Amino acid sequence: MRRSWPVYLLFLCTFSLYASTHRPQDFLNQIKGSTNEGAQIYQHFCVNCHASKPIIPLGAPRFGEQKDWNDRLKQDIKIIFKHTEEGMNAMPPRGGCFECSDEQLALALVEMLPSKAKKRIYNELVGHKKITK
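Quick note: the sequence shown uses my numbering, first residue 6, plus one each step.
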């Protein structure tokens, strides 16, 4: 037990340092309104599970993969956004971006879609006031 004490101390110090430097709200405020806001949010919060070759392969729809999104895109946009907002299967609510506004979540969602669906879904989200033009 005495030998593991330094390991625990190192862990506590490392965790405390990470917690004191992880400020997602600062990041979100910094990118707010940028032309690639959705892409930056995707890269920061979503890429681990939604990349074309995800680090965490849990069956999440992959970035730009039409076949992964086909069934989802047949649903009403309210349902798609609800799943983003509330979480689904292994995905936590708001995709783990608890500080993201609804608009930022919607922009990240649009970023992940296949190119054929982006404009249509973007316009539907504007219509449902999830995105302001």
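Derived by calculation from the structure, the hints in this document are not laboratory data.
Hints are not guaranteed to be accurate.
Stated by the list, open to error - Calculated pairs, PhoX-like style, for lysine-lysine (alpha carbon to alpha carbon, straight line, at most 25 Å):
id, residue 1, residue 2
1, Lys37, Lys83
2, Lys124, Lys79
3, Lys37, Lys87
4, Lys72, Lys138
5, Lys83, Lys72
6, Lys123, Lys134
7, Lys79, Lys37
8, Lys72, Lys87
9, Lys134, Lys79
10, Lys134, Lys58
11, Lys121, Lys58
12, Lys121, Lys134
13, Lys79, Lys121
14, Lys87, Lys124
15, Lys37, Lys72
16, Lys58, Lys138
17, Lys138, Lys121
18, Lys138, Lys124
19, Lys83, Lys121
Claimed, not checked - What follows is a set of in silico ranges between Cβ atoms, one per label pair, in the way DEER data are often shown:
id, residue 1, residue 2, range
20, Asp81, Gln35, 29 to 39 Å
21, Asn75, Arg28, 30 to 40 Å
22, Gly132, Ile60, 31 to 41 Å
23, Asn34, Lys79, 30 to 40 Å
24, Asn75, Gln35, 14 to 24 Å
25, Asp31, Lys79, 32 to 42 Å
26, Gln35, Lys79, 16 to 26 Å
27, Phe32, Ser57, 22 to 32 Å
Predicted model only: the values in this text are computed from it and were never measured.
Just so you know, even glycine gets a beta-carbon here, dropped at the ideal spot from N, CA and C.
Fill in: Given pair status - lysine 121, lysine 138, alpha carbons within 25 Å
20 Å, holds
Fill in: Restraint check for lysine 37 with lysine 72, where alpha carbons must lie at most 25 Å apart
31 Å, violated
Worksheet item: Would the pair lysine 58 and lysine 138 pass a check requiring their Cα atoms to be no farther apart than 25 Å?
Response: Distance ~32 Å between lysine 58 and lysine 138 Cα, so the pair is violated.
Discussion item. Next pair to validate is lysine 121 with lysine 134; report whether the Cα-Cα distance is within 25 Å.
Written reply: At roughly 22 Å apart (the allowed maximum being 25 Å), lysine 134 and lysine 121 satisfy the hint.
Worksheet item: Within 30 to 40 Å or not, the Cβ separation of asparagine 75 and arginine 28?
Response: Holds - the Cβ-Cβ distance for asparagine 75 and arginine 28, about 37 Å, lies within 30 to 40 Å.
Worksheet item: Within 30 to 40 Å or not, the Cβ separation of asparagine 34 and lysine 79?
Response: 36 Å, holds
Worksheet item: Can the restraint linking lysine 121 and lysine 58 be considered satisfied, given a maximum Cα separation of 25 Å?
Response: The given pair, whose Cα atoms are some 21 Å apart, holds under the 25 Å limit.
Worksheet entry | Straight-line alpha-carbon gap lysine 123 to lysine 134, limit 25 Å | With a Cα-Cα distance of about 16 Å, the restraint between lysine 123 and lysine 134 holds, given a limit of 25 Å.
Practice prompt. Mind checking the alpha carbons of lysine 83 and lysine 72 for me, to see if they're no more than 25 Å apart?
Written response: 21 Å, holds
Worksheet item: Given the hinted pair lysine 124 and lysine 79, is their alpha-carbon gap at most 25 Å?
Response: The given pair, whose Cα atoms are some 15 Å apart, holds under the 25 Å limit.
Discussion item. Holds or violated: lysine 134 and lysine 58, Cα atoms, limit 25 Å.
Written reply: Distance of about 32 Å is beyond 25 Å: violated.
Practice prompt. Sort out whether lysine 121 lies within 25 Å of lysine 79, counting only the CA atoms.
Written response: 13 Å, holds
Violated hints, listed in ascending order, are 4, 7, 10, 15, 16, 24 and 26; each of the other numbered hints is respected by the structure.
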